[in-house]
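Construct the complete structure from the given sequences, taking the supplied hints into account.
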Amino acid sequence: KQEVTQIPAALSVPEGENLVLNCSFTDSAIYNLQWFRQDPGKGLTSLLLIQSSQREQTSGRLNASLDKSSGRSTLYIAASQPGDSATYLCAVRYSGNTPLVFGKGTRLSVIA
Amino acid sequence: SQTIHQWPATLVQPVGSPLSLECTVEGTSNPNLYWYRQAAGRGLQLLFYSVGIGQISSEVPQNLSASRPQDRQFILSSKKLLLSDSGFYLCAWSRTARNEKLFFGSGTQLSVL
Numbered sequence: 014k015q016e017v018t019q020i021p022a023a024l025s026v027p028e029g030e031n032l033v034l035n036c037s038f039t040d041s042a043i044y045n046l047q048w049f050r051q052d053p054g055k056g057l058t059s060l061l062l063i064q065s066s067q068r069e070q071t072s073g074r075l076n077a078s079l080d081k082s083s084g085r086s087t088l089y090i091a092a093s094q095p096g097d098s099a100t101y102l103c104a105v106r107y108s109g110n111t112p113l114v115f116g117k118g119t120r121l122s123v124i125a
Numbered sequence: 003s004q005t006i007h008q009w010p011a012t013l014v015q016p017v018g019s020p021l022s023l024e025c026t027v028e029g030t031s032n033p034n035l036y037w038y039r040q041a042a043g044r045g046l047q048l049l050f051y052s053v054g055i056g057q058i059s060s061e062v063p064q065n066l067s068a069s070r071p072q073d074r075q076f077i078l079s080s081k082k083l084l085l086s087d088s089g090f091y092l093c094a095w096s097r098t099a100r101n102e103k104l105f106f107g108s109g110t111q112l113s114v115l
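Just so you know, the sequences run in chain order A and B.
So the first sequence is numbered by this note's numbering: it starts at 14 and just counts up by one.
So the second sequence is numbered by this note's numbering: it starts at 3 and just counts up by one.
Don't read these hints as lab results, they were simulated from the structure.
For each residue, glycine too, the CB sits at the ideal point set by N, CA and C.
All the pointers check out, no bait thrown in.
Capping the alpha-carbon separation at 30 Å, the derived lysine-lysine pairs in BS3-like fashion look like this:
hint, chain 1, residue 1, chain 2, residue 2
1, A, 117, A, 55
2, B, 103, A, 117
3, B, 103, A, 81
4, B, 81, A, 55
5, B, 82, A, 117
6, A, 117, A, 14
7, A, 14, A, 55
8, A, 14, B, 103
9, A, 81, A, 14
10, B, 82, A, 55
11, B, 103, A, 55
12, A, 81, A, 117
Quick list of the computed label-pair ranges, beta carbon to beta carbon:
hint, chain 1, residue 1, chain 2, residue 2, range
13, A, 16, B, 10, 24 to 34 Å
14, A, 20, B, 20, 34 to 44 Å
15, B, 31, A, 22, 36 to 46 Å
16, B, 9, A, 125, 30 to 40 Å
17, A, 124, B, 115, 32 to 42 Å
18, B, 47, A, 94, 25 to 35 Å
19, B, 28, A, 21, 33 to 43 Å
Encoded structure:
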């Protein structure tokens, strides 16, 4: 069964700290991987999309990496701010014909 | 630019009542459209997706149905709601190409009482 796992389920850090969120997937033959942010009671906002041929993508203070051989992706957030507090979800497309498979997310709290 | 509209934002319905949630996309044509449900502690579950008008694929058997009467309109329906239908429903779209990002609406919080 193709699954996506995110550990930890929740994370609390002080403001200004650099942090890493983890995502693991069960099949290394993925098509692409996407990171999302979700604020409470809101929809998901796409942050970064990494194609299978890429190793990382960057947007501002965010950097997402992809290591297919180990079945892992990380989302690195530099100089965290209270406004970064949200749930971050990882989603994998295992083939071009299948919909995204989502992890359950990591709930991040950045404390001022 | 493209936008996605989903309504209503919240809905409280009695068990056995019908349901209709609507989603529309603006600024693009022939999008792929999706309905997801998010339940507490269970992550996002794909319910339906559509690659074109009248084309609906169901991922999970249940008492919900979806329709796509127009290119940029996606409707989630039920004839009789169950308590287990409560949850946060999200509509999403992507371009036809499979390597494109997925964009979500703001969601509908449905409570079935």
